Amino acid sequence: MLLAFHGATTMPQDLATDVAVTAGAGFRALEVWAAKVDRYLADHSLADLNALFVNAGVAPLTINSIEFIAFRPAEEYAAIRARCRELSRIAQGIGCPTVVVVPSPLPDRNLPWSAVVAEYVRVLRDLADIAGEHGVRLSFEFLGFGWCSVRTPRAAAEIVAATDRANVGLTFDAAHFYAGGGLLEEIGALDPARIFAFHLDDVEDTPKEAITDATRVLPGTGVVPLDEICRRLQSIGYDGPCSIELFRPEYWTWDPHQLAARAREAAIRVLMPYFSVR
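All the letters of the sequence shown, read from the start, carry residue numbers 1 to 278 under the working numbering.
Everything labelled a hint here was simulated from the structure, so no lab data went into it.
It should be emphasised that the depicted structure is a prediction, and the values quoted were computed from it without experimental measurement.
In this text, a Cβ means the ideal position worked out from N, Cα and C, and glycines have one as well.
Fair warning: there could be bad hints in the mix.
As the list claims (entries may be wrong) - Have a look at the derived ranges for each label pair, beta carbon to beta carbon:
(1) P112 to N55: 49 to 57 Å
(2) G237 to D164: 20 to 28 Å
(3) T17 to A82: 27 to 35 Å
(4) P273 to A193: 40 to 48 Å
(5) D48 to A261: 23 to 31 Å
Please model the complete structure; the sequences and the hints are all you need to start from.
Take a look at the structure:
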């Protein structure tokens, strides 16, 4: 299993710092925070960006993310399409295989699930065609928050299967799985070839309704059943990439090199009983 760092874990840092701490801690790959790419490219070229990764020996794993892709008015959706084209072009230029896309809030609690699926299939097929022009995949990440329209792996997998595009898969995030009330049995029904990324994270012992990105903690220090999640992912044959995605503001105040090192140590302790980590 390829173990990666994630730019959300060091949110205030710039992209060059993220690449440096990723390499320094022994990670081979980085999930790249899209806004940091924007800031880097404001005064650097795409060739500079590619060289940043190549010179550090770090692979860009994903660009993360395009948010709230569905249920958009025409003008807003046009901006989503343009962003998909832009990030796909950048991903192609740096050899990054995947762009993460994120579902939207549920516009109406009375909306039937069939209508939710139909909307995402329409949008994902359209965006997949754009990404496909650049040889890039889209990874659809369910969110466990109560306001989100796609909250569980079962729901995301149904949409991905109905989309029926080779370059569309899903991101399995452990914290969102726990927050959204996903059942461990759902993992056994997933197609490992359609899991494009696995986010390893944990959360504080708090009511699920109170979970936010800021309540995340280092893997193995919270209440998410990570051992069982990893065991079940292993049982279906998943051996794809895994990254450490923590949005905790407290961690953002730490020295980023120390944070990356501690994140890697914590992740290895969780993963090693189930996966061969590199």
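Is 40 to 48 Å respected by the C-beta to C-beta distance linking P273 and A193? 23 Å, violated
P112 and N55, beta-carbon distance inside 49 to 57 Å? Taking Cβ atoms as reference, P112 and N55 lie about 51 Å apart, which means the hint holds.
Against the range 27 to 35 Å, how does the distance between the Cβ atoms of T17 and A82 compare: consistent or not? 28 Å, holds
23 to 31 Å was suggested as the range; check whether the CB atoms of D48 and A261 agree with it. 27 Å, holds
Mind checking the hinted window 20 to 28 Å against the Cβ distance between G237 and D164? 21 Å, holds
The structure shown violates just one earlier hint, number 4.
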